[in-house]
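Participant: Below, each chain spelled out in residue letters.
Number of protein chains: 2
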Amino acid sequence: MKTFIGVDLGGTNVRAAKVDEQGQLLQVVKEATEIDQGVDHVIQKIISMIESIDGYQECEGIGMGVPGPVDTKNGKMMLASFLPGFEGYPLVKHFRDHFQMPVYMDNDVNVACMGEAMLGAGKNHDSVYYVTLSTGVGGALVIDKRVVSGAHGFAGEIGNVIIDRNREDISHLNVGAVENEASGTAITRKGKELFGGNRINHAGDVFDLAREKNPQAISLCEAATYDLAQLFSIIAHICDPEVFVLGGGLMKGKDVFLDQLIEQFKTLVHEGMRAVEFKEAQLEEPGIVGAAMLVMAYAGGN
Amino acid sequence: MKTFIGVDLGGTNVRAAKVDEQGQLLQVVKEATEIDQGVDHVIQKIISMIESIDGYQECEGIGMGVPGPVDTKNGKMMLASFLPGFEGYPLVKHFRDHFQMPVYMDNDVNVACMGEAMLGAGKNHDSVYYVTLSTGVGGALVIDKRVVSGAHGFAGEIGNVIIDRNREDISHLNVGAVENEASGTAITRKGKELFGGNRINHAGDVFDLAREKNPQAISLCEAATYDLAQLFSIIAHICDPEVFVLGGGLMKGKDVFLDQLIEQFKTLVHEGMRAVEFKEAQLEEPGIVGAAMLVMAYAGGN
Chain L
262 MKTFIGVDLG GTNVRAAKVD EQGQLLQVVK EATEIDQGVD HVIQKIISMI
312 ESIDGYQECE GIGMGVPGPV DTKNGKMMLA SFLPGFEGYP LVKHFRDHFQ
362 MPVYMDNDVN VACMGEAMLG AGKNHDSVYY VTLSTGVGGA LVIDKRVVSG
412 AHGFAGEIGN VIIDRNREDI SHLNVGAVEN EASGTAITRK GKELFGGNRI
462 NHAGDVFDLA REKNPQAISL CEAATYDLAQ LFSIIAHICD PEVFVLGGGL
512 MKGKDVFLDQ LIEQFKTLVH EGMRAVEFKE AQLEEPGIVG AAMLVMAYAG
562 GN
Chain Z
262 MKTFIGVDLG GTNVRAAKVD EQGQLLQVVK EATEIDQGVD HVIQKIISMI
312 ESIDGYQECE GIGMGVPGPV DTKNGKMMLA SFLPGFEGYP LVKHFRDHFQ
362 MPVYMDNDVN VACMGEAMLG AGKNHDSVYY VTLSTGVGGA LVIDKRVVSG
412 AHGFAGEIGN VIIDRNREDI SHLNVGAVEN EASGTAITRK GKELFGGNRI
462 NHAGDVFDLA REKNPQAISL CEAATYDLAQ LFSIIAHICD PEVFVLGGGL
512 MKGKDVFLDQ LIEQFKTLVH EGMRAVEFKE AQLEEPGIVG AAMLVMAYAG
562 GN
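Line by line, the protein sequences are chains L and Z. Using my numbering, you'd call the opening residue of the first sequence number 262 and step up by one each time. Using my numbering, you'd call the opening residue of the second sequence number 262 and step up by one each time.
Calculated from the structure, these hints are not laboratory results. Quantities reported herein were computed from a predicted structural model and do not represent experimental measurements. Be aware that a few hints might be false.
The list treats identical chains as one, so a pair stands whether inside a single copy or across any two.
As the list claims (entries may be wrong) - In silico DSBU-like cross-links for lysine-lysine, where the CA-CA straight-line distance does not exceed 35 Å: (1) 337 / 453; (2) 263 / 527; (3) 354 / 453; (4) 515 / 453; (5) 515 / 406; (6) 263 / 540; (7) 334 / 527; (8) 527 / 354; (9) 337 / 527; (10) 263 / 334; (11) 263 / 474; (12) 406 / 263; (13) 384 / 406; (14) 306 / 354; (15) 354 / 513; (16) 453 / 406; (17) 474 / 306; (18) 334 / 474; (19) 527 / 306; (20) 515 / 354; (21) 515 / 291.
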């Protein structure tokens, strides 16, 4: 069976693993990223981690997920807020030269989508739109097992999609951007405004109040749910995926909002589009598995 | 040089042509559709038209554009408001059985996009989003010379994308759908409200008033332009195309709105996305050329 190296490079930790075609993690290594010690230090660390994996030379190639938009043509990060110094660095070329094997890189949301599309909830579907509802809101489109990264690496930056222009200006994002209105951060912010910072530490506290039938919490959740339903409607009219796969920490509150979201979505699309499926993400490690799957998806055609 | 048959089946007329790889129309035949005489009559008419083309047997295949969403997997129209009786009819199978050659079908906007992407303004670009600004607002995404039709044939039905939920309910589309607010029909409606039905017959009359510095007309055009800028921003965050190609009758007023649209778009996207190009559609016959190009794009891989 073919094997692949997946690397999940985050601002805090970096993990590398050998993964098989079914997405099984055969061996995993993990270290602190230590970005404060510079780009060269981090790169050397990742190389050593990969070389510590048994039989890494026999793997088909290396796939990497990184936090931020990626210029996939040139194998560089476009923005690297969490990895200062990596912006514009020719990371893919560096690894290709060192390992003499195929190397692919994409942003971590695209990579997780890839994992879910190929081996998780999107398996057996030709077109998958993955949406992560977390601190932020991100997305990725996978068509025929290939992620659509976009010409500038910004495809799936759906947190900045405007769902209602008549809102307050609260971040660098667009006024009324869905991430400002319905992300975990947004639900927490609105919860604090209503119930105070002592009572609300994260979105889960708002969901708990809604479960206890607190009318203000219910109303807050309903508004955020409608904002998300509009986002899904917009995506569907542009891409019309076969399935939406939903991941991210906010899904812990799915009992509060998911059924309602799907019902409202149906009122906001053409009749023939109501058959789109909504599925929950399934993989325990979509980031690292998806990174490995970049190789499976692209190595054949490149 | 390889040749292809392109068929543009509309509610009023049907045209068939032999097209070469450069998009040259080598021979064109045209007849009234006569949909009132039934589906069988129309199909027999198209078959006769194709068979009247010199050397049609040597063509690589047949591509068809039709007005409405298409189930491209099964080769059927999903909705056929302009072609009653064609909904669900196995048109592609019928033509494949008859002609014994590859046959592809997609909706007319996708097909025009295909033509523009492969041979027109999108030539030499890997990802193209085509937007037609006309009576309605439609779109299509072409990635690596393949149109993304969507799982239910609704990809690119961007007329129903909500750009401002706080508008009036004026059609079967979503409240605040861009087609209700910034299409040719919408600009005409708003113009009639301001200036009366005698003065405004179509959007061009509103553009003329704006050119004459009429403040109300300018204000109307500015609002519609902003609505469109928001639509382009939304599409960019979802797909991040390399180039937007703009076609449709409204482009006759491009001197009134296009520069402003691009400027406003730039204020509504992340900095790295501002490099996306806006180009005007170039082909004189995108519908029929694009239909023929379906064969060039798909026959190889199917």
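Participant: All hints, please: hold or fail.
Facilitator: Tested hints:
In the homo-oligomer, the alpha carbons of residue 337 and residue 453 never lie at most 35 Å apart, since the shortest distance is 39 Å inside one protomer and 52 Å across protomers. Taking CA atoms no more than 35 Å apart as the test, residue 263 paired with residue 527 passes in neither setting, with 42 Å inside one copy and 45 Å between copies. Proximity of residue 354 and residue 453 under a CA criterion of 35 Å is satisfied in neither setting, with 46 Å inside one chain copy and 59 Å between copies. For the homomeric pair residue 515 and residue 453, the shortest alpha-carbon distance inside one copy (20 Å) is at most 35 Å, but the shortest distance between copies (47 Å) is not.
In this assembly of identical chains, residue 515 and residue 406 lie within 35 Å of each other by CA distance solely inside one copy; the values are 27 Å within and 38 Å between copies. In this homomeric assembly, residue 263 and residue 540 come within 35 Å of each other (Cα to Cα) only inside a single copy, at 28 Å, whereas the closest approach across copies is 44 Å. For the homomeric pair residue 334 and residue 527, the shortest alpha-carbon distance between copies (23 Å) is at most 35 Å, but the shortest distance inside one copy (37 Å) is not. In this homomeric assembly, residue 527 and residue 354 come within 35 Å of each other (Cα to Cα) only across copies, at 31 Å, whereas the closest approach inside a single copy is 45 Å.
For the identical chains of this complex, residue 337 and residue 527 are inter-copy neighbours only, at 23 Å across copies versus 39 Å inside a copy, given an alpha-carbon limit of 35 Å. For the homomeric pair residue 263 and residue 334, the shortest alpha-carbon distances inside one copy (25 Å) and between copies (31 Å) are both at most 35 Å. Taking the closest pair of Cα atoms, residue 263 and residue 474 never come within 35 Å of each other, the shortest separation being 52 Å inside a single copy and 68 Å across copies. In the homo-oligomer, the alpha carbons of residue 406 and residue 263 lie at most 35 Å apart both inside one protomer (17 Å) and across protomers (30 Å), since each shortest distance falls under that limit.
In this assembly of identical chains, the alpha carbons of residue 384 and residue 406 lie at most 35 Å apart whether taken from the same copy (9 Å) or from different copies (25 Å). In this assembly of identical chains, residue 306 and residue 354 lie within 35 Å of each other by CA distance solely inside one copy; the values are 17 Å within and 57 Å between copies. In this assembly of identical chains, the alpha carbons of residue 354 and residue 513 never lie at most 35 Å apart, being 39 Å within a copy and 46 Å across copies at closest. In this assembly of identical chains, the alpha carbons of residue 453 and residue 406 never lie at most 35 Å apart, being 41 Å within a copy and 49 Å across copies at closest.
Neither within a single protomer nor between protomers do residue 474 and residue 306 lie at most 35 Å apart by alpha-carbon distance, with minima of 50 Å and 64 Å respectively. For a Cα distance limit of 35 Å, the shortest separation of residue 334 from residue 474 qualifies neither inside one copy, at 50 Å, nor across copies, at 46 Å. Taking CA atoms no more than 35 Å apart as the test, residue 527 paired with residue 306 passes in neither setting, with 48 Å inside one copy and 39 Å between copies. In this homomeric assembly, residue 515 and residue 354 never come within 35 Å of each other (Cα to Cα): the closest approach is 41 Å inside a single copy and 43 Å across copies.
Proximity of residue 515 and residue 291 under a CA criterion of 35 Å is satisfied intra-copy only: 31 Å inside one chain copy versus 55 Å between copies.
When held up to the earlier numbered hints, the structure conflicts with 1, 2, 3, 11, 15, 16, 17, 18, 19, 20 and fits the remainder.
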